[in-house]
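The task is to assemble the complex, starting from two chains supplied on their own in separate frames and drawing on the hints.
The listed protein sequences correspond, in order, to chains A and B.
full-length UniProt numbering puts the first residue of the first sequence at 1, with every later residue one more than the last.
full-length UniProt numbering puts the first residue of the second sequence at 1, with every later residue one more than the last.
For the record, the hints were derived by calculation from the structure and aren't laboratory data.
Take these hints with a grain of salt, some might be off.
[What the hints assert, rightly or not] Covered, in the sense of this in silico footprint (three residues per stretch, anywhere, with C-beta under 8 Å from a C-beta of chain B), are these stretches of chain A: (1) 105–112; (2) 327–334; (3) 344–350.
[To be verified] Under the rule of at most 20 Å between Cα atoms (straight-line distance), these lysine to any residue pairs were calculated in the SDA-like manner: (4) K102(A) with G157(A); (5) K8(B) with K65(A); (6) K102(A) with Y9(B); (7) K65(A) with R305(A); (8) K302(A) with E130(A); (9) K8(B) with A58(A); (10) K258(A) with G396(A); (11) K8(B) with F66(A); (12) K8(B) with K258(A); (13) K8(B) with D59(A); (14) K102(A) with L35(B); (15) K8(B) with L35(B); (16) K8(B) with P95(A); (17) K258(A) with G99(A); (18) K8(B) with G99(A); (19) K8(B) with A49(A); (20) K102(A) with E223(A); (21) K254(A) with Y369(A); (22) K254(A) with D368(A); (23) K302(A) with F66(A); (24) K8(B) with D368(A); (25) K8(B) with E53(A); (26) K2(B) with D29(B); (27) K8(B) with P94(A).
Here a beta-carbon is modelled for each residue, glycine too, at the ideal position from N, C-alpha and C.
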Amino acid sequence: MQQVRTIDIDINGEDYVRRPLDMEAAAREAGPVAWTESNGGHWMVSRHAAVIEGLRDADTYSTEKFLDENGQLAGGIMIPTVPFYRYLPNESDPPAWNGFRKSIAGHLSPGSVERLQPVIDQYTAEVIDEMIELGEADFVMQVGSPVTAKVTLHLLGLPTEDWKFYAKPIHLLFADGASAGPGVAAIQERLSSTITERRAAPQRGMIDDLIATELDYGPMSDEDVKDLVFDVMVGGFDTVAGLMAGSLQWLQDKPDLKTRLLEDDEFLQTATEEFLRYISPAVGLSRTATTDYPIADQQMHKGDRMYFMYRSANWDPAEFDEPETMRLDRRPNRHVAFGAGIHRCVGSNLARSIFQTVLRQFLTRVTDYEVVDFEQYKMTNNNAGFARMIMRYTPGTRIDSSAR
Amino acid sequence: MKVSIDPKYCVGHGMCHLNAPDVFGLDDDGHGVALEGEIPSALRESARLGSESCPQQAISIEE
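Next up, chain B with everything else stripped away, as it sits in the complex (with noise of 0.2 Å):
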């Protein structure tokens, strides 16, 4: 699983590091950073919840 946010449409809500701080990180304006590369399994569903938290639909899971 890969996860990424489409910085167009990411605004800083931050909800995604809320639901899920081992995921998503903020960057210094507060807009979400996604963890790189394939993710542990331990963290998929983490990064579902994380993913489904955007208001702005930002975020893509690739399975």
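With the rest of the complex left out, here is chain A (with noise of 0.2 Å):
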């Protein structure tokens, strides 16, 4: 029986917060699986391979939340436990698990982003055509933010114009949690009035397809459609918006790249999975084992949380030659930055297809931006990215796509 290897980091504090890096690489040092008493105690699987073993077989683990022992609500993707709502699929295990990720798996295939191409295309150039002549730009909420919440609005099929009524709260939600709740309620409220309207009246959108649903036990509830449509909304806007923040404040002193980027579709893509890899905007999330197993020389046992470090592993010196370094042409490259198992990211087709629109129609008609001031989320062991990117350029001049 191997020792348990121990390490003492509390993925809410503020070391936590301010060195988040410096952490990861501390738990990687300390073992590919490590324990800590921090936050009601959890394991911390921190090296790629760990990563990957851990939640390659779903019968190991449940994401779903439930009662403790003390009538305590428990489990679910987070620690601590958040109990305001439950983000499906994330957070159901299979057989429901099956029902709730076809019903949206086909919506986001690499075949319907391909057919709603010409949409983020559009989407991107007014998005644009708001602030290119504006001189300076908060980049994450004026130019990343909405082009992902228009593009999913639209597929779902909510009124786009209430894209801000969406995506304000839930940046706020990543960036400063705190002040997020009265803004994620009134959305859960809108959802649910929306829901009650469409199941009478029903639209063309992926809304009222999940509405329509028909699971192995019966129809699908409004509940479980509104956790959907909520967990396609959090899981994509603010993480494609860090994604593209990111990698542009790493371009902007990179003329030649920037020109390669544009110019080259093979290296695009290649450099789209650096991007992934090196942000890894999903830092990490939660489950709970189901049984008793080994991850690398740890034994897991029935109801320990495990806390898996989706970044820590994109980091791992031992997967990656040297990880810190930015290389876009960088192959092969088994990043889990959209998870691994069976919860890995279910939008990654239109994640990867908006971030490349983007890019490069910034990079067109926005040559000469700066960054002139950022500030990153306060909370960091989920997600990272932004609460602000301010951007300075040449005013350009509009393309007109507002007639359409």
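What follows is the structure in structure tokens.
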């Protein structure tokens, strides 16, 4: 029997907020998997091989919330457990997961995303039009978030002009969790009333397809539809915006690479994967062990909480040569920026397409941007990104995409 | 050489297709589909790269 490796890291603590990469390096140093007593006690799965191994077999872990022996809500994908809402399909286990995942996967498949490409092009052009004459803008809330939100709302079949109503609270949820409450509650209410209306009078959108979905045990409930739609929004909006912002910040003083990204499709593809690896918008998510099973040389026990560290895995020198160096032609690049196992990001195809479209249109139209100020999220153990990223640039001209 | 993808582990990262499009396609859900039968020698290196790029280690190669 191996000794239990331990490490003293509080993933919600000040140190982790200030020096996350150092803390993740320390976790990897302690071993592939180590136990911390902080936050009620949980495993930290920090090395690449251990993350893959631990998430490979869906029977060994659960993401559902449950009441523990003291009647307290436990489990779920965050540490500590978040009581207010359920993410779907993220916080469901097979067999229920099968139906939930299937109900959204088709809308986000490579084929569906390809058909959506003209819409992505259009919203990107439109959003850049709105900021290009200004000379200064917050890339996150004036480009990254609105493009992603509008495309997602279009796909869902919700009014795209309401993008701010949804995108601002979701941005706050990541950027400054404490102040997001009222806006998120308003989204939940709006979704509930919209679902009631659309069940009575269906239109043509993903939300209508979800409402009409028959699961193995009966029709999809309104609550399920709300939780699925909310997860699509939270999973998509700021993660993609943060990826874009981080990439453009890194590229700002590299004109040769910018040119190559515009001209070379294959380079754009490998670069996208490298930006995903390096920036890792999804820092990590949690699971609960459903059985006793080993990950690397440590023994999980049924009921143990496990924090799977995607960014740490993506910066593991055992998997990636010089992980702290951005190499836009890196391959193979087995990053786990989208997670791993059955809950791996279902929107990855859409995320890649939106990212690549915005990157190219932005680099083409805003050629001399400079990041003059930026602020990273305060909350860091689930997502990495930017509260804001102010760019200054020579004002350009609209291409009047509003005449659609 | 033969290549196969274990559907139990493939979750649609799409990295095989990205790295070796001539050996791995994607189905409608974005799950990998490997070239059937004997892999021509000209594609073997590509097949290895595609297989190594799978974060799920779902692809096996039979030499």
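Status of the hints after comparison with the structure:
| no. | hint | in the structure |
| --- | --- | --- |
| 1 | 105–112 | holds (count 5) |
| 2 | 327–334 | holds (count 4) |
| 3 | 344–350 | holds (count 3) |
| 4 | K102(A) with G157(A) | 18 Å, holds |
| 5 | K8(B) with K65(A) | 25 Å, violated |
| 6 | K102(A) with Y9(B) | 16 Å, holds |
| 7 | K65(A) with R305(A) | 12 Å, holds |
| 8 | K302(A) with E130(A) | 53 Å, violated |
| 9 | K8(B) with A58(A) | 9 Å, holds |
| 10 | K258(A) with G396(A) | 18 Å, holds |
| 11 | K8(B) with F66(A) | 26 Å, violated |
| 12 | K8(B) with K258(A) | 39 Å, violated |
| 13 | K8(B) with D59(A) | 11 Å, holds |
| 14 | K102(A) with L35(B) | 25 Å, violated |
| 15 | K8(B) with L35(B) | 18 Å, holds |
| 16 | K8(B) with P95(A) | 14 Å, holds |
| 17 | K258(A) with G99(A) | 42 Å, violated |
| 18 | K8(B) with G99(A) | 17 Å, holds |
| 19 | K8(B) with A49(A) | 18 Å, holds |
| 20 | K102(A) with E223(A) | 17 Å, holds |
| 21 | K254(A) with Y369(A) | 12 Å, holds |
| 22 | K254(A) with D368(A) | 11 Å, holds |
| 23 | K302(A) with F66(A) | 14 Å, holds |
| 24 | K8(B) with D368(A) | 48 Å, violated |
| 25 | K8(B) with E53(A) | 14 Å, holds |
| 26 | K2(B) with D29(B) | 23 Å, violated |
| 27 | K8(B) with P94(A) | 13 Å, holds |
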